[in-house]
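**Q** Chains as they are written, first to last, in this note's numbering: chain A, 1 to 113; chain B, 114 to 227.
Accuracy of the hints is not assured; some may be wrong.
The calculated DSS-like cross-link candidates involving lysine-lysine, where the alpha carbons are at most 25 Å apart (straight line), are [to be verified]: (1) B:K154 <-> A:K108; (2) B:K154 <-> A:K92; (3) B:K153 <-> A:K105; (4) B:K131 <-> A:K108; (5) B:K153 <-> B:K122; (6) A:K112 <-> A:K3; (7) A:K3 <-> B:K122.
From the structure, some residues in chain A lie toward chain B, with a derived Cβ separation under 7 Å [said to hold, decoys possible]: (8) H40; (9) Q42; (10) G43; (11) P44; (12) Y46; (13) Y94; (14) N100; (15) F103.
Label-pair distances were calculated between CB atoms; the ranges are [as the list claims (entries may be wrong)]: (16) B:M128 <-> A:K69: 33 to 39 Å; (17) B:V125 <-> A:K105: 25 to 31 Å; (18) B:R143 <-> A:N57: 31 to 37 Å; (19) A:I39 <-> B:G141: 21 to 27 Å; (20) A:K52 <-> B:M128: 48 to 54 Å; (21) B:G127 <-> A:N53: 51 to 57 Å; (22) A:R81 <-> B:M140: 36 to 42 Å; (23) B:T129 <-> A:P76: 27 to 33 Å; (24) B:M140 <-> A:H40: 20 to 26 Å; (25) A:S110 <-> B:K166: 24 to 30 Å; (26) B:M140 <-> A:R16: 32 to 38 Å; (27) A:I63 <-> B:N130: 48 to 54 Å; (28) B:E197 <-> A:N93: 30 to 36 Å.
By construction, these hints were calculated from the structure, which means they are not laboratory data. Remember, it's a predicted structure, so these values are computed and weren't measured experimentally. Backbone N, C-alpha and C fix where the C-beta goes; we use that ideal spot for every residue, glycine too.
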Amino acid sequence: DAKTTQPTSMDCAEGRAANLPCNHSTISGNEYVYWYRQIHSQGPQYIIHGLKNNETNEMASLIITEDRKSSTLILPHATLRDTAVYYCIVKKNYGGSQGNLIFGKGTKLSVKP
Amino acid sequence: DTEVTQTPKHLVMGMTNKKSLKCEQHMGHRAMYWYKQKAKKPPELMFVYSYEKLSINESVPSRFSPECPNSSLLNLHLHALQPEDSALYLCASSQGPPGPYEQYFGPGTRLTVT
Chain A
1 DAKTTQPTSM DCAEGRAANL PCNHSTISGN EYVYWYRQIH SQGPQYIIHG
51 LKNNETNEMA SLIITEDRKS STLILPHATL RDTAVYYCIV KKNYGGSQGN
101 LIFGKGTKLS VKP
Chain B
114 DTEVTQTPKH LVMGMTNKKS LKCEQHMGHR AMYWYKQKAK KPPELMFVYS
164 YEKLSINESV PSRFSPECPN SSLLNLHLHA LQPEDSALYL CASSQGPPGP
214 YEQYFGPGTR LTVT
């Protein structure tokens, strides 16, 4: 069963912030939220991950709600090159099968001029 | 260098052929992975190698045979495949075993079985 729920698709205007939601209402205390994206015909690319605090790196920001049941990935100034499928993944941060990446269907983000 | 390379980029093979996919990384990573991605579907994990030992096999048919000759190389040997095995095969690596380390993916090998 999928641990996360994401919208199938979203549009965003170039230069605007893209806010991608993810619902993970059954997340357990030791599970992290990871985001990857896959640009067409390429391999997935790691974006960011977090446990409960908000995180920011050079690519994006991750906002996790206080109850940890949902999160939002923010691309502050979307460009056409950000058009991709974005995967929100919940997983534990230790070895074995529970540390595996299990990809759901993701959100297809289309950035438009 | 944060690159994972995969060869070949494209492969067409018949059902009686034997072929191999190759993956290489020079980041000093100690875990390597094979994923399979069918068209318009998310990637699915096939195998995990951790410190050059097979640690996870996600019930993959024996016509797929992984091999990790050293910490930088990962092969996937293919034999007697079926047309439904046509897919994008992705290799990835991470600093350590599945866990707190992000995975770096290669561009994939697009396989067509005729």
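**Q** Quick check: which numbered hints come out false for this structure?
**A** 4, 6, 7, 8, 16, 18, 22, 23, 25
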